[in-house]
Amino acid sequence: MSETFYEVLRRQGITRRSFLKFCSLTAASLGLSAAAMPKIAQALETRPRTPVLWLHGLECTCCSESFIRSAHPLTRDVVLSMLSLDYDDTLMAAAGHQAEAIIEMVKEKYRGNYIVAVEGNPPLNEGGMFCIQGGRPFVEKLKETCADAKAVIAWGSCASYGCVQAARPNPTRATPIRKVIADKPIVCVPGCPPIAEVMTGVVTYMLTFDRIPALDRQGRPKMFYGQRIHDKCYRRGHFDAGQFVEAWDDESAKKGFCLYKMGCKGPTTYNACSSMRWNGGVSWPVQSGHGCLGCSEDGFWDKGSFYDRVTGIHQFGIEANADVIGGAIAIGTGAAIAAHAAVTALDSLRRRAGNKDAREGIEA
Amino acid sequence: MLSQNDVQEAKARGNLAYSLYIYEAPLRLWHWANSIIMLALAISGYLIGSPPPTLTGEAADHYVMGNIRFIHFVASYLFAIGLVARVYWAFAGNIYARQIFLPPVFNKEWWKEVLFELRWYLFLEHTPKKYLGHNPMALLMMFFFFTILAFGMLLTGFGLYAEGADDGWMNALFGWVAPLLGGSQQTHGWHRLGMWIMMSFAVLHVYAAIREEVLSKHSLISTMISGWRMFKE
Amino acid sequence: MSYATQGFTLDNSGRRVVVDPVCRIEGHMRVEVNLDGNNVIRNAVSTGTMWRGLEVILKGRDPRDAWAFTERICGVCTGTHALTSVRAVEDALAIQIPENAHLIRNLMQLTLYVHDHLVHFYHLHALDWVDVVSALKADAQKTSALAQGISAWPLSSPGYFRDVQAKLKKFIDSGQLGPFSNAYWGNPAYKLPPEANLMAVAHYLEALDFQKEIVKIHAIFGGRNPHPNWLVGGVPCAINLEGAGAVGAVNMERLNLVQNVIQQAAVFIEQVYIPDLVAIASFYKDWLYGGGIGSQFLLAYGDIPDRANDHEADNLLLPRGAIINGDLDNILPVDLKDPEQIQEFVAHSWYKYPDETRGLHPFDGITEPDFTLGANTKGSKTRVEAFDEAGKYSWIKAPRWRGHAMEVGCLARMTLAYLQPRRYPMIKETIDDILRKLDLPLSAIFSTLGRTAARGVETLYCVQLQQQMFARLMANLKAGDHNTANITKWEPATWPAEAQGAGFTEAPRGALGHWIKIKDGKIDNYQCVVPTTWNGSPRDPKGQIGAFEASLLNTPLAKADEPLEILRTLHSFDPCLACSTHVMRPDGQEMARVRVR
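Residue numbers (the numbering used here), protein chains in the order written: chain A, 1 to 364; chain B, 1 to 233; chain C, 1 to 597.
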């Protein structure tokens, strides 16, 4: 089980020839030149396993659960052959101080050469004691563990943005990782949870190429978060045609029409679901008839109902959607104009009458 | 820009009919083109957020949303290009071409006339003042509900575009917008609210123009057609 | 100091041992125990160490969205909160769901059981019984003989086990032990021979590969797993068996995949999980600690309605009922809406009540965080060495049923089912069969091992129910009913101005209830009381201890500094701490009073 990636492939009956082909395909699919291929092959053949410390803050463990669903690579190969998952309180055998000792050991032995993967986020209210680990606030453990790391992976929407516990009014002041860790490269892999193969894809990319993948403005790997769900949705044809599900389980739903009117957030969500799909490619939310919740977007819990297309804007202490506010403004404007026009007409009639009187007065 | 100055200037430069060339041809062209573009943007934009009832049959037989979006995007580029051209014209054109970009907010007298115009609209004044360009109240409204808002609409609109654009000029110029507003969905919300405000203002604008045409004794609508301001007395 | 409660004597005078974090659970938890001179646990203090405050977040939101929020309470028992939530909303608004939706929901809930129990057994619990390092000493030939002797599972040749062993050796020799680092290998509390350890390690890996298949059922009906999608009024997936566009809905191919997954899971459960369970248990027959209050106080809300829209106890395929004072002959009726039955106390929890000697029903629940520590706490407020159980010491409240601390979960469910053999014949037969094989009396099930075995029995039962539900779904489709959603009350305009309801499920970990109040189309009040709140509850004003604390008492530790037995017993409950520690006042105004200290 301490095999290299190459050995894993060999074990699965893959020949050296196929392995090299895999490497060149990998290079091509990642947009690298053919010259990168030997480097990939060498990295996969010889690199010792990079220690990964997987911390959990305020979260629901859906990221871990998603991670173990990975079909390619298999989770067992990731965990046992590609990296060294030295700390993960959800899976590790040890507990208590034996577990905590591992963090110290890795920090010392692999200074600057280990990766911290964070699932969940630290709460800052109550001195951080809304999440206590080892009798201390989680935020302290997080900072200490990250101090000597090579890079940090922020798993899921919790670590990337705050997610559900940070939804209004965020009672615990749950805070995204990037607002707590400032001096390390952070790769955000949002989603509630992220797709399993996206998670393992990001990790294997980092291990294979020994670098951070290209990130967008929000710190997300462009390779998986560069395009909208909507742009790659297999129901897009129905959207463009103007064919929509109008009510649950209607004729359109049975035909697999677009879920736009049911509040699908695919048009405002950047993720890979519509192309990579979930659970080994079996399905994904839209394919199973429910709109996208937009779970990989910042603050998706506070964007109004999951079933509204035009959703609320929270500002100035009010919550209403653009059509409600805008409609009110339009109606208000219309009413004001009508009233104003009426008064104008009356006023000018009155004045015309007045002028006439005045003129008559002069004449008289 | 102040009524007194304007009337003096009109008398000094104008002929007996008090008619003056105010709005040059490019500006007039832009104005009317822009009104059509904005109407197209508003209608198509509204339908993007609230699509028409579903169509049955084969998807390949229809392209309703595709066309609506096409109209919206073409119109938005025209709107953007028009606005850029309009900014250029603010420099190249006459002084009336600059008004909506630079209200004289540091001029106390001007503010007094804003208040005067407000009173006029509230029927508290019975004799309107005359202006060569926009009256101060109209200018102020124009500045906030057209100039500023138009740039806001461009930013939010292109901000939404830029999200999916790879590292190009679009991303460089507008990529910061959506994250700043709290994401894509939120940006959509603001963009749509902007549409409602702009359309409400457009209606107000049309109403005020007609009303002024009738009551204020100088031409308005015809001025935007011919460029000439006619003073009736 | 020492005192007696519920038949236990607590004595906190001995050496204090702290385990924090308790790993291989969902969420964050700490336990402190006092050992006497013989390393026997005489006092146990369990602390939920996280709090997320989800109910306050729910206030003012659309009730139709609530399932998505509550689903994020837990990603391990993913879906069960969502189901509880849609049931609560449907209860409040009197919405009836179509037959297909009913069957699909049951299939999804059962899928969760099968997946969750399997992952719990192999990946969260097995390492408490299985010594990974010892597997290196195994004889592959004998391992094969062992495996073939108990099961027809084909991956059982000597070569297969030799291969697993060789890889394991290489892994351990690398010095990078990953998740197996710094654990308790070689502890005398591990009783399995090397051959059984090797077989279990092989199955640990096989189960890791296989578990991801089971949840494909969630992906088909709910779009993904974890966190599939649900719908108030039915299920979101439409069914189209033969019309144009069927590929965009649940069609024959999708149904075939569901059936395929169910069959595979049934084989894995029958040929791997259950034989492993019995084999492992046979070496731990003498280690029957950890019963706690399990033989005395048991509670279940029940689940898996047989007929659609009937949530009465006699229609539930997983039983509902309560047992108190060990009176197994009297199964008491349970009503979630009765204010006298379920009440929560906060005397030892980090919340404030006006009167902390009294409990509150969830409809009237208050949760005002109050992070204060007892006078005898060791350490400082943000660097706690040992909690003072005389003061407040947990983010978990203390729920009580008619004043009693209760154990919830598979042991409660399986006991209640065992006691009603005419309604649940398969469960009695299976339990009797396992007890016969192990040559143990019925009383043995009230133990750590019993809890673990009950989970296995339940998994077997659930996979059979899945087959039954699938057959019924096919029959209903054959009869021409293709409806999946009732939308008559979808629009909030059709709702009454005010409504309230309760939803229930049995989460894999135990009884789960949601209480909702709806006002003017928005959530006015939302409360959840979840399984680990019951099991992991701190003490109440009377000093009664919860199931976790009780289960640890009187257990001897083989090595005082290795908490192997503590982990074993706690894991047998399958704790889910993210679930248990989010409960708070639905009144958002209260939040302004949370002070940052």
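Treat the hints as calculated values from the structure; they're not laboratory data.
Check each hint, because a few of them may be wrong.
Which chain A residues face chain B? A few, computed with CB under 10 angstroms, are given here [unchecked claim]:
1) 98
2) 105
3) 108
4) 109
5) 246
6) 252
7) 268
8) 270
9) 281
10) 309
11) 311
Heads up, the beta-carbon is just placed ideally off N, CA and C, and yes, glycines get one too.
Problem - Closest C-beta approach of residue 270 (chain A) to chain B relative to 10 angstroms, hint status - result: Given a least distance of 7 angstroms, the restraint on residue 270 (chain A) holds.
Handout entry: chain B contact restraint for residue 108 (chain A) - C-beta distance below 10 angstroms
Key = This interface hint is violated because 38 angstroms lies over the 10 angstroms limit.
Problem - Restraint outcome when residue 309 (chain A) is required to lie within 10 angstroms of chain B by C-beta distance - result: Check passed: Cβ of residue 309 (chain A) comes within 6 angstroms of chain B, closer than 10 angstroms.
Exercise for the section: So, residue 109 (chain A) near chain B? Judge it on the closest CB pair being under 10 angstroms. Expected result: With a closest approach of 38 angstroms, the residue 109 (chain A) hint is violated.
Handout entry: Per-residue hint verdict: residue 311 (chain A), partner chain B, C-beta under 10 angstroms
Key = Interface hint status for residue 311 (chain A): holds (6 angstroms vs cutoff 10 angstroms).
Handout entry: Status of the residue 281 (chain A) interface restraint (C-beta, 10 angstroms, chain B)
Key = 23 angstroms, violated
Exercise for the section: Please verify that hint: residue 105 (chain A), Cβ, nearest Cβ of chain B, below 10 angstroms or not. Expected result: 39 angstroms, violated
Problem - Hint validity - residue 98 (chain A) Cβ closer than 10 angstroms to any chain B Cβ - result: 42 angstroms, violated
Problem - Closest C-beta approach of residue 268 (chain A) to chain B relative to 10 angstroms, hint status - result: Holds. Min distance 4 angstroms.
Exercise for the section: Closer than 10 angstroms between Cβ atoms is the bar; does residue 246 (chain A) clear it against chain B? Give me holds or violated. Expected result: Holds: closest Cβ of chain B sits about 6 angstroms from residue 246 (chain A), inside 10 angstroms.
Exercise for the section: Under 10 angstroms, Cβ to Cβ, is where residue 252 (chain A) needs to be relative to chain B, so tell me if that hint holds or is violated. Expected result: Check passed: Cβ of residue 252 (chain A) comes within 5 angstroms of chain B, closer than 10 angstroms.
Hint violations for this structure: numbers 1, 2, 3, 4 and 9, all remaining hints satisfied.
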